[in-house]
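Both chains are sitting in their own frames, so use the hints and assemble them into the complex.
Chains as they are written, first to last, in numbering that gives the first Met the number 0: chain P, 0 to 144; chain U, 0 to 113.
Please note: incorrect hints may appear among the correct ones.
Cross-link-like lysine-lysine pairs, in silico, DSS-like; alpha carbons within 27 angstroms at most [stated by the list, open to error]: (1) Lys43(U) with Lys75(U); (2) Lys121(P) with Lys62(P); (3) Lys110(P) with Lys121(P); (4) Lys90(U) with Lys75(U); (5) Lys110(P) with Lys43(U); (6) Lys62(P) with Lys110(P); (7) Lys110(P) with Lys3(U); (8) Lys90(U) with Lys127(P); (9) Lys70(U) with Lys90(U); (10) Lys3(U) with Lys75(U); (11) Lys70(U) with Lys3(U); (12) Lys110(P) with Lys70(U); (13) Lys70(U) with Lys43(U); (14) Lys43(U) with Lys3(U); (15) Lys90(U) with Lys3(U); (16) Lys90(U) with Lys121(P); (17) Lys90(U) with Lys110(P); (18) Lys90(U) with Lys43(U); (19) Lys62(P) with Lys127(P); (20) Lys62(P) with Lys70(U).
Pulled a few chain P residues facing chain U out of the computed Cβ check, cut under 7 angstroms [to be verified]: (21) Leu21; (22) Leu47; (23) Lys121; (24) Gly124.
Bear in mind the hints are in silico, worked out from the structure with no lab data behind them. Beta carbons: idealized from backbone N, C-alpha and C, even for Gly.
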Amino acid sequence: MSDKPACPVPTQLRLESRMEDLALVHPWVEALAEYHAIPPPTVFAINLCLEEALANVVRHGYKDTAGSAMTVAFETHGERELSFVVEDSAPHFDPTVAPMETPAVPLEEMKIGGNGILLMRKFAGSVKWEPLEHGNRLRIGFVLP
Amino acid sequence: MAMKATIEEIDGGITRLVLDGRMDIEGAQAVDLRVNVIAGSADKLLMDLSGVTFLGSMGLRSIVLPAQAIKRRGGKMVLYGPIPMVEDVLKGASIGSIIPIHHDLDSALAALRG
Numbered sequence: 000m001s002d003k004p005a006c007p008v009p010t011q012l013r014l015e016s017r018m019e020d021l022a023l024v025h026p027w028v029e030a031l032a033e034y035h036a037i038p039p040p041t042v043f044a045i046n047l048c049l050e051e052a053l054a055n056v057v058r059h060g061y062k063d064t065a066g067s068a069m070t071v072a073f074e075t076h077g078e079r080e081l082s083f084v085v086e087d088s089a090p091h092f093d094p095t096v097a098p099m100e101t102p103a104v105p106l107e108e109m110k111i112g113g114n115g116i117l118l119m120r121k122f123a124g125s126v127k128w129e130p131l132e133h134g135n136r137l138r139i140g141f142v143l144p
Numbered sequence: 000m001a002m003k004a005t006i007e008e009i010d011g012g013i014t015r016l017v018l019d020g021r022m023d024i025e026g027a028q029a030v031d032l033r034v035n036v037i038a039g040s041a042d043k044l045l046m047d048l049s050g051v052t053f054l055g056s057m058g059l060r061s062i063v064l065p066a067q068a069i070k071r072r073g074g075k076m077v078l079y080g081p082i083p084m085v086e087d088v089l090k091g092a093s094i095g096s097i098i099p100i101h102h103d104l105d106s107a108l109a110a111l112r113g
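Isolated chain U, as found in the complex (with noise of 0.2 angstroms):
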């Protein structure tokens, strides 16, 4: 099954997008246009993981780019809901330290209007 990105608008000016799949080279490629210009407009970006169900390298590449371009223009994004095992690659690349992961709604929610 193909990788699939869908957004909903949340109020507070929060984009949350949804990544459903697996996020290896095939559903990396797949996601990355559409995620792209996703990030180039957002100020406030929940990345939802929970429907993701293998990360790999080019995968952990679709969510540092978006990060960075949406710091870059003073925005913020939270990571929402990983699995463990995909929870285990964030942080076994360090990313977890640099972009938050939210396992509560709620408090990623907060993190973002914060």
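So that you can see chain P by itself, here it is in the shape it has in the complex (with noise of 0.2 angstroms):
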């Protein structure tokens, strides 16, 4: 690892609290990517797992307010593991005890909206709530294969 380059990529990303900073993540996640030669599948289960915890920041966190601030920060441990750290001042919710099972219903009965923590949770290799004194912190978890 000594001979390689600083990363170019920015190891943070700094978001406003509305839905139109969330089209920010993904080419930064790519840009990671990239760098750190993560696999396909991997980025997808990063995209999924933020877009969905960043949607529910503020959806929920914020009540689809703008102006307020929430950070992303990359990190790695070791040579496989690697780490999502979302971090807000909205009210402490911890998503990671929300139900787990989304039981089989028929169609017509399917609730709309409601999975995204779901995926979230089966798509991180571990998801890891903490309150903050003014907010959450969220640390989303990914082994490389």
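Here's what the structure looks like:
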């Protein structure tokens, strides 16, 4: 690793609490993925988890009110583990304790929405929530194959 | 690249709706209106997902809503050709067991004609 040039991609992304800003995430993830040689299925899972986590913060944490900040930080742990840390200043919400299984229901009765957190937990290697004094820290971990 | 939605009419009253691109929040917003208009008139809809490179929960909404609208009118909708990760999302949200997924075009068309 010592001969590898410093990562040219910033390791932290600062976003405003609005849906439009979520479009900035996947180009950043893809730039990180290229530099760190993260395989496509893991990149897909990262994009899915970050979209769900951040959409949840905007919609439910900040109640669709722009003007607040959220950050996503990228961390590596050794050669094969990486994580994305999402921080906000919204009221405390622990997405790791929501019910996990969606019971199979007929199409007509299927509820729209509410799949986001479930999908995040299915596609992440690990999800850890930590309350901050004024906000939340969500650490979403992935193990490279 | 913005998400694209194109349609093609196939014999037997089948509409093939081809979605291309990332079905993230932005992509779903870009095609929602068009997809809903198509779902409002098609009775047999083949939703071709083979060009969809990403699917999130907002994109799932763009699949479930038209399927519900078509079913309410007594029509049918099937999904065709999702890449493995997209199929994992469909199955992860228990949609695979509710809206049939086909990887063979002939079997998808036969399911709609049947």
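(request) Sort out whether Lys43(U) lies within 27 angstroms of Lys70(U), counting only the CA atoms. (result) The hint holds at about 10 angstroms.
(message) Does Lys127(P) sit within 27 angstroms of Lys90(U), going by the straight-line distance between their CA atoms?
(response) holds, 24 angstroms
(request) Have a go at the Leu47(P) hint: is there a Cβ in chain U nearer than 7 angstroms to its own Cβ? (result) holds, 6 angstroms
(message) Please verify whether Lys90(U) and Lys121(P) have alpha carbons no more than 27 angstroms apart.
(response) Between Lys90(U) and Lys121(P) the Cα gap is close to 11 angstroms, so the pair holds against 27 angstroms.
(request) Would you mind confirming whether the straight-line C-alpha gap from Lys70(U) to Lys90(U) stays at or under 27 angstroms? (result) Since the Cα atoms of Lys70(U) and Lys90(U) sit roughly 20 angstroms apart, the hinted pair holds (cutoff 27 angstroms).
(message) For Lys62(P) and Lys110(P), compute the direct alpha-carbon distance and say whether it is at most 27 angstroms.
(response) The hint holds at about 20 angstroms.
(request) Could you grab the alpha-carbon distance between Lys90(U) and Lys43(U) and see if it respects the 27 angstroms cut-off? (result) Holds: Lys90(U) and Lys43(U) sit about 22 angstroms apart, inside 27 angstroms.
(request) Take a quick look at whether Lys43(U) and Lys3(U) sit within 27 angstroms of each other, Cα to Cα. (result) Holds, at roughly 20 angstroms.
(message) Would the hint linking Lys70(U) and Lys3(U) be met if the CA-CA limit is 27 angstroms?
(response) holds, 24 angstroms
(message) Holds or violated: Lys110(P) and Lys121(P), Cα atoms, limit 27 angstroms.
(response) holds, 19 angstroms
(request) For the pair supplied as a hint, Lys3(U) and Lys75(U), confirm whether the alpha-carbon distance does not exceed 27 angstroms. (result) holds, 22 angstroms
(message) Restraint: Leu21(P) near chain U, CB-CB cut 7 angstroms. Satisfied or not?
(response) holds, 6 angstroms
The earlier numbered hints that this structure contradicts are 20 and 24.
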